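Colleague: Sequence lines, in order, name chains A and B. Sequential numbering from 16 applies to the first sequence in our numbering. Sequential numbering from 3 applies to the second sequence in our numbering.
Hints are computed from structural coordinates only; laboratory data are not their basis. Keep in mind the model is a prediction, meaning the values are calculated, not measured. Glycine included, each C-beta is placed from N, C-alpha and C at the ideal position. None of the hints are false.
One-sided excerpt, in silico: chain B residues whose CB lies under 8 Å from chain A:
#1 A197
#2 R270
#3 T280
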Amino acid sequence: MESKSKDKQMILRVQNLKKYFPIRRGFFQKIAGWVKAVDDVSFEIEQGKTLGLVGESGCGKTTVARLILKLLEPDNGKIIFRGIDIGELTEKEMKPLRKKIQIVFQDPFGSLNPRMTTGLSIEEGLRILGIKRGKKRKERLEKLLKMVGMSPESADRYPHEFSGGQRQRICIARALSVDPSLVVCDEPISALDVSIQAQIINLLKDLQDRLGLSYLFISHDLNVVSYLCSTISVMYKGQIMESAPAEELFENPRHPYTLSLISAIPDPAPGLRRKIEILEPDLSDSLITSKGCRFQGRCPMEEPRCLEEEISFEKVGEKHFVRCWKAAKK
Amino acid sequence: MTNDNTLISVQDLKVYFRSGHECARAVDGISFEIRQEETVCLVGESGCGKTVSALSILGLIQTPPGEIAGGQIMFQGKNLLELDEEDMQKIRGNRIAMVFQEPLTSLNPVFTIEDQIGEAISIHKNIGSGELRDCCIKLLKDVGIPSPVQRLKDYPHQLSGGQRQRVMIAMALACDPDLIIADEPTTALDVTVQAQILQLLKSIQETRSMSILYITHDLGVVANIAHRVYVMYSGIVTEQGNAAQIFHHARHPYTQGLLASLPSRSKRGKRLFSIPGTVPNPAYKPAGCPFHPRCPHAIPICGKEYPKMCDYGQAHLARCPVLFKNSHNPDKPEPKSI
Ligand SMILES: Nc1ncnc2c1ncn2[C@@H]1O[C@H](COP(=O)(O)OP(=O)(O)OP(=O)(O)O)[C@@H](O)[C@H]1O
Ligand SMILES: Nc1ncnc2c1ncn2[C@@H]1O[C@H](COP(=O)(O)OP(=O)(O)OP(=O)(O)O)[C@@H](O)[C@H]1O
Ligand code: SF4
Ligand code: SF4
Ligand SMILES: [Mg+2]
Ligand SMILES: [Mg+2]
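Construct all of the structure, not just a fragment, from the sequences and the given hints.
Modeller: Rendered as structure tokens:
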């Protein structure tokens, strides 16, 4: 992991990232505790590849995304983009890099300005790139629209005139306008209809093949992630519980949380009305747990030791890591 | 078609919404039936008319702008569409109960869990407060809420999404209905919590021998719980059959397209099939088969003639005469599922 040459293939390396949010109570808004939204998260994304980040609602996925985009300051940890530690950079030094990391959000309705035409929304990025208004900018705009499967005439229309899938295409075009190398996709298809989801997934794949893009793909849908991603990291209550190449994760899952997620995948293919392994409901106060494994209380393999010590993230195979001392021992 | 153990049968139901000059044909002549002890899924994309169909059964369509433009809903010998509000109320919550998509908006935030479940029970049963409390506790236990006695005094916001949905289900069970209509009850939940709720519904359905009408756009969920499935598109039923028929031998191009477009691990590296275009606006539906602008098998007549339901035997029906003809023509190969 340490060698310099490896940095070149890794577009992004996140090391021991940490972000706690204060819980304030009472008249003086004293800090009563901390929400450990992101707690010692590490992963890498290879150039031109897709990392899937999966986990249940509130486990900290969006917070990771916002940290990477520097929309939030981490409490601890490093974000290394193409070998440069972006945590160290001043706002001015960061500026040229900002364009290189873009985001597409879940909600294609909220993320476009309703009073701006499609063209203007996308052109904002081109303006930032320093492409002057004129023929060149217009050409580039048309090329971007075409790239996401929209007609040039869409440039003059407003967001409300488009369907959810079309709006998501516009958001993707806007993200691509500044020529990024890493695109963070935060649940980009969750709000879309089934028949439209496939269109957007295909678009994202085509763009990756053509432009060599790298993706951080955030989702709670394991079917989508298993189709799209080269590596998958499973997150639970602010921590990565398991990380492995996609095939390996499904063939050889180690962490009990990963196992329960995989067995809960609603699978339209073979087994009809099949029995699924059910995880006990979560009764704890979600992210405010104190000591020991985050999965305690829901884990079928739990032992006293799990409640006492911090569990480390251990290597169990080629690019396969797990945060469970029992699973690591097997 | 109706056999003896049919609990409810919806026949040629039409529900329109008018605004100005526009008339949205939200439900445009659908028929389906639910038998005793059966879980039936209505599946289809956003806006295809699933919720409107469910609300019609309960007599909850607001008129205007809504209008029941035709059809009947036969339940225990009565046409629900002809009942007055008083009779309808006796059925609602008593014989037929509903669980909605968003439990937070359907639970009252200023009342405790005990108040709300208690009320659901006392509408239909006249019992003392001690017994009422016991009933509440038992129901919470039945739906798998841990430490139910402590939970009685909680307010909805103190519960997690999955727990709130369990409370909704408890309220629906309060009067021991014959039919529970669940409208996307797990859409807002995580996969693991979703799996718990589906398991709960399955076991309730088996132990209490009731029927469930389950509404969803998620084919994975359908495969998990359905005995029989009705696939809807643009206000009509395009295909119906049991789960195996729908998932392994789909006969309608729309069903085939939906199944082919689902991402999964086994399709890694392959391009996903995608249905081109978008769902039509219900106020401006295309003539003929509503799917024809997006259909890979469409022929000129599809744009003119409303397609008939075609019978593939063993109660497997699909509204596509083109594929039906192909499958009976020895010169042409059997239509393959894409
Ligand atoms: N600015 C903030 N202040 C306080 N708490 C926050 C803040 N942002 C996020 N949180 C908390 O951090 C936790 C993680 O939130 P996050 O949005 O990252 O989850 P997520 O995994 O993206 O969930 P979802 O799947 O629902 O989008 C949550 O408990 C959330 O309430
Ligand atoms: N009160 C209303 N006024 C006008 N149009 C309505 C009304 N209620 C529903 N509709 C229209 O009827 C159509 C069917 O709506 P319905 O809510 O049944 O869809 P659905 O299948 O439940 O979709 P979803 O999956 O998004 O819940 C939609 O096009 C909708 O816009
Ligand atoms: S460390 Fe213990 S509680 Fe945590 S996942 Fe492993 S066995 Fe379960
Ligand atoms: S009737 Fe025609 S348009 Fe409709 S599904 Fe069949 S082939 Fe396609
Ligand atoms: Mg999020
Ligand atoms: Mg609905």
